[in-house]
Every structure is written in C-alpha cells, then in structure tokens.
Amino acid sequence: MKTIHDAFLPALGALALLCGSPVLPFAAQQPAPARGPAPSLNGPASPTKAPDAAGFLQRWLLLEPIKVAGQLTDSAVQAIVKKEYFPFTAMPHDGDKVSVGDESLTWHAVDTIAYNVNLFHFAYALNKPTSNVLFWAVTVVDAPRDMPGVRLAIGSNAASVWWLNGQEVIGIYNDRQTVIDDGVSTRVMLKKGPNTIRAAIVNAGGATDFCARFLDAADSPIKGIVVRLDKE
Amino acid sequence: MMKSCLAAAAILLLVAPMFALDGEPTMHDPSTLIQAGGKFYVYATGNGLPAFVSDDGWTWHRAGSVMQAVPGGRPGPDVIARGGNNTWAPDIIRVGDKYFLYYAAPGTQPKAAVGLLVGKTLDPASADYKWEDAGPVVSSDGVEDSNAIDPGVLRDPTTGTLWLTYGSYFGYIRLVELDPKTGKRLHPEAKPIDIAINSEASVMIFHEGWYYLLVTHGACCAGGNSSYNIRMGRSQKVTGPFVDNMSVGMLQGGGKLFAGSSGRHIGPGHFGLLDLGDGVQKFSCHYESDLDRGGISVLDIRPLLWRDGWPVAGDNVVTGTYEIESARTGTALEMAVQGVPVGGARGRGGRGGAGGAAGRGDAGLVPPVPPQDAAQVSGNWPAGAVDARMAPYMLQAQQKWAITPVANAGGYPGSPYFKITIAGTDRALAATADAELVVLPAFTGAPEQLWRIDQLTDGTYRVMAKAVPDAKAPLALSAVGSSTPTLAVFRADSDRQRWLLKTP
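Sequence lines, in order, name chains A and B.
FYI, the numbering used here numbers position 203 of the first sequence as 203, with every residue one higher than the one before it.
FYI, the numbering used here numbers position 5 of the second sequence as 1005, with every residue one higher than the one before it.
Careful, some of the hints might be misleading.
What the hints assert, rightly or not - What the simulated footprint calls covered on chain A by chain B, stretch by stretch (three residues with Cβ under 8 Å from a Cβ of chain B suffice, anywhere in the stretch; the number is not a length):
(1) 138-144
(2) 176-189
Stated by the list, open to error - Only pairs whose alpha carbons sit at most 27 Å apart, straight line, appear in this in silico DSS-like list of lysine-lysine:
(3) Lys231/A x Lys82/A
(4) Lys49/A x Lys231/A
(5) Lys1472/B x Lys1039/B
(6) Lys1130/B x Lys1120/B
(7) Lys1472/B x Lys191/A
(8) Lys223/A x Lys1130/B
These are computed hints drawn from the structure, not numbers from a lab.
A virtual CB, placed ideally from N, CA and C, is assigned to each residue, including glycine.
With the hints as extra help, turn the sequences into a complete structure.
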C-alpha cells in the first residue's frame, strides 16, 4: 500500500498522479524529524477515482495547515475562511506552493482509504500542527450529465465551510465531530463535466477530519460520478 | 343503564375555542368518521340521525339528517316493530360501491333493534343521494341479556369478512358476522357471540395480528357528572375471547383504559378509528361535557398511538413553546444565528458539585441561571430572513419555537393550522419555493407559513407545510442531515420526517 509520507517531491508526486506509480518516500531535504507515513492516505495512482460504495469522495488536494486562532463560532470561522491566502478560484495542483506569512505551504494530492479524510494523519505525517489550524481541501467531481436536485452532504471535525462551483453551500460551526451527512446543502445542480468542491476546515484541537458525498432526491448516494484533481 | 339523546345540546351553536373542533361539532354518539369525495362525514344520535360534514376535518357543519333521504323519513316498519322509533348511535362503513349505515332503533329498552340503511353516496347534493331501508339486522326482545343498540362494524383486513358488534349494559356486547354483499347477517340463524359485558359503544379494530374491542364504560348523558370512559381488550381471533392488559376477560368486565376525562373534557365515549394512511391514525369520540363550550357534548378527533401492542390516546398539539427535535438525528431545529450560551460564558464550577458562577473552585451556593429568551440575545440577530438549521439543543433562544394556532386559516382532522415562530418574536418558519426552509422576520399568515402537526402512531410528530409554492405533493419537515432541515415527501418507513416536541 502506498502511503503519504511526511513530504512529497512535487514533481514525482505529479508524475505519480499521472502514471500511477508509487509516491516516493520522503527525501532528506526536510529538516523536520522523520515521522511515519499517514496511515490512511495514499498518493493517487490513477487519473480518476470513483466514490466508494457509500458515495464518499476519496480523492482530494489538501493544503498543509494554516495556523489560525482556532475559534469556532459562526462569525470567527467565517472570518477565518474568507481571508484569501491564494487565488480562491484557481485550481491548485499537487506540489503547488502557497505563501502564508513566512511559511511556504504545499498542496498534496491524496486518496483516503476510508470514508473520511483524516487531516490529523495528514498534518502529523508532515510534521505540521494539528491544533488551531485551517485546512483547505479541493476536489473535482466529473458528472456524466446535468444532475439537478442533488445535495452535497458533509461531516467535519471541527467547523467547516463548503463551496460548490464557487457558491457557498454549507457552513457548520462550533466544536464538533465528523458525522456522516451532518451538513447538507440545499438542492443544487451538478453540471455535466467538472464541478469544483472547496472546503475549509477549522480545527481547534485534537482529531480533525472530514467526509463528503453527494445525495440524490431520495438521500441515496448518487452514482456515475468520478473524482479527479484537474478540470481537464 | 340507558342513554338518551341530547337534543337540546344539538341545537347549540357556540364559537369554538382553538383546541376543540371548529364550526358545529355538537353531537352525541358519533359514528366512525368516513372520508368520501374529499370530505369527512360523521353521523350521530338524534332525530333522524343528524349528519355532519367537513371539508378538512377541523371545521364541521350540520348537513341535515340521514332520515331525510330515507323513504318515509323514518326507520322501516320491521325495524320499528323489533325495536322502536328512535334513531341513535350510528356506525358506517363502505364496502365496494355501497355504504352500509347501521343505527340503533330502540323502543323501550332493552327492546331495541339495529337497522341498516344502504346508500351509494354520502353527498346530499348528488343525484344518487338516498338511503334505502334494509330492515333490522339484529334486535333484542326486552328480556334477553342484550340491548341491541350502539352498532359498530369492522371489515376484517385479513379475510374481507364483515362483523357487527352491538349492545349496551343490559347483558352482553354481542358479535355477528355480516354478508359484505348485503350488509345483513351472513348466518341469521346463528346465535350471536357474547364478547363483553357492562359496556356499550363497542367497535373492533385490527392491528398487527390482533383484534381490539373498544367499548365505553361508565355513565353517560349527565353532562359533567358523566363517568364515561373508553376501555379495551384484545384477541388474536375476531370472535374473541377479548382480554385486557391484566388478562381479565371483557366478559368478566375487564378493559384497559384507553381514554378517560382529561383537561377540560369530561366523559369520552364512542371510539371510532380514522386511518389517514402514512402511519397517521386518529380516533374520534365525543365528550359528554366540553367545559370550554359550556359543558355540552361535542365531537373530537385525537391522535391514535400504539405502545407495547395497545392503542394509546394521544393529544392534539396545544399552544406552547417547544424544542423541535429530529427523531432521526437528535438535533434541534433552530434559526441559523450564532448561539449564546445560556447565562453567558461560564466555567463549569469546581469539581465535586460546588463552584462559582464565574469559574472553578468557588465553593458555596450559586444563584440559578435564568432561562434564555429572545429579548436577551436577539440584538445581534439579522433583521431579515434567516436560514433554518439544526444543532444540539442547548436551551438557547433561537432553538425555542412557539407553536400557536391560527384562527380562520383552516385545519385538518383534530387541529387548526399553526404558526411556528421563535418564542418571544414574530419570526416565522416558512417553506420556500424550492422546498427548503427559512425563518422570516414576521408572520403574515401566508399558506407557506402555516403548519399541520400530526402526532404519528409512535408518538413522534409529522410537521407539514400547508402549502409549498410549486410543490406537486404535500411536503413535510425533514432532517436530511444532522444540521440540515428541508422539506420532503413524507415517508412512514423512515425517521427523517419524525419530530419530537419537547417542552424546554
């Protein structure tokens, strides 16, 4: 099993995304002490990935955590996620860098082996903070046709705000654990082709993760979509 | 013990208070309610068998008398000969394309008969509206252990067979099988089966393999001094024996209490099942004395619940402040504003039970924290429309909903429509055109701000918008996720649309 390690070689990571080869283990250019790989995350090994049987989206681009105050009220979270650290609408790529203060943070392409994406695993393996942090996550869902009347359904630890194709569709606040279908959008349209999902997850302390899927009008996972990390 | 008509009461017209049926529900010994052509009908004791009709099950109107549509305008001669000229306590059922209306025709009790009328429609405006006298079905001769009044009819859903119970205090409640084609006795030579004693107003219902015999015990017809109460036993055979929850046979006077006097209502009697489908069952009864209407006898419709294999009399929703909690998720409906902890931000106090209001370790008594109301925290609430969402219930003002009946807005069986507002404000829950929810800054009375609240058979509630713009079917408040309410078609097989109303 491939695992995400405490760092990636961006070029090789991109190569892995394209050709399915394993992500190479961490090279010795990072000064941080070595940690074991994230046990629940792998580097993507195929161009696209179908959701799991329950519809959960298992491929994401994750930005290394941004240090924030870690307050979780509605207003505090909204203020945190509305601060622009990078062009919001630009699609990141595996290995892209984002400057936050004097830090350089990297986007990582990951596949999760579970229904959820364990951000604690992700950050810990990278020797990054897991408390009082903001995670950005992006993915692209490719729909075979227009799919009206569907809902984005998420859970997160802790607060999170979600956008579909640039429109804010979910906000859940306060200290909370990830519960499947905790926050659910109003009925939305997945348009034929690529649809971009962005999430900002704010954690104050302890475990942190999220899960996401799309539901149909009967609250069942929609079928036929695939996940990719580009809009091509 | 005999019963009598409340003819005087039947002519009283009172302005209905909010939590009894509206219009003209004054009646005694109501039949089972029956739906036809989008209307509800019920028939009762009185001269010519008074008929009542309602468009919605909430507002009722007198609609003449059954005997006006019977040739001769009175019970047939055979009925009068075997019973008498009175017309009491009818029951009605539809079988195929016919309606069978059974009624008591007592003479000098216990000499009495149950007569049958057969009709094709219940609508007095229809050209087909008429009732044919089909003669007596059962009778009592005044000496035998029977008083052949108070018919109750059951169509057995497992076999399609048709059954009639009847009787009143003098002797037994009896059971005979009917011919579904004619409504008359299938085996007229057979001896009726005794199934209960010391009761009247019997009727059977069927539920999950059991036949339930509901009867009325106690004294009627004495206004507030009436001890009427509805009791029941059950059997796995339609012919009994029927026993109560303590295994006392109903032939020995047993009967588990189903409904007694409560609130402002004295003496419930004459149970009737109203199955609205989708897991919504109600029952009708009359109260001997409705204290809110000067103590007269009135019809009521209430939720029917099931618990541990027995029916339970529910109560219609009353004005109050409630937490509206999802049975699916356990989270509570709230207006989507940032909550403020009740009492403000505080520590938990010292360990071991003592603690100061401001933090830890301050031993000694501390004052109680007052409840949070909207006036304390609404200063930062947006002035306009706000989303609705769900969250763990923490006794906060945006989670407390006032449920209040709305006058002159119509209703449904048992209740008027309600508005649902944040307690202490006029901010009203409303349905949107895209079948979602919003909390509007003020209640206007628009249909999408009116709510039907039915208690379901498991005791939870279904909350339905009176109208959702552009919706093709009625939509119910639904928990699509732990934090997300929406509107969706009600599904009885799911907890999505089941809600608990809890008093904060």
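We went through each hint and held it up to the structure:
1. 138-144: violated (count 0)
2. 176-189: Held - the stretch 176-189 of chain A has 8 residues with a Cβ nearer than 8 Å to chain B, which meets the minimum of three.
3. Lys231/A x Lys82/A: 24 Å, holds
4. Lys49/A x Lys231/A: 14 Å, holds
5. Lys1472/B x Lys1039/B: Status holds; Cα separation ~20 Å.
6. Lys1130/B x Lys1120/B: 7 Å, holds
7. Lys1472/B x Lys191/A: Satisfied, since the Cα-Cα distance of roughly 25 Å is no more than 27 Å.
8. Lys223/A x Lys1130/B: 57 Å, violated
In the structure shown, a violation is registered for the earlier hints numbered 1, 8, in ascending order.
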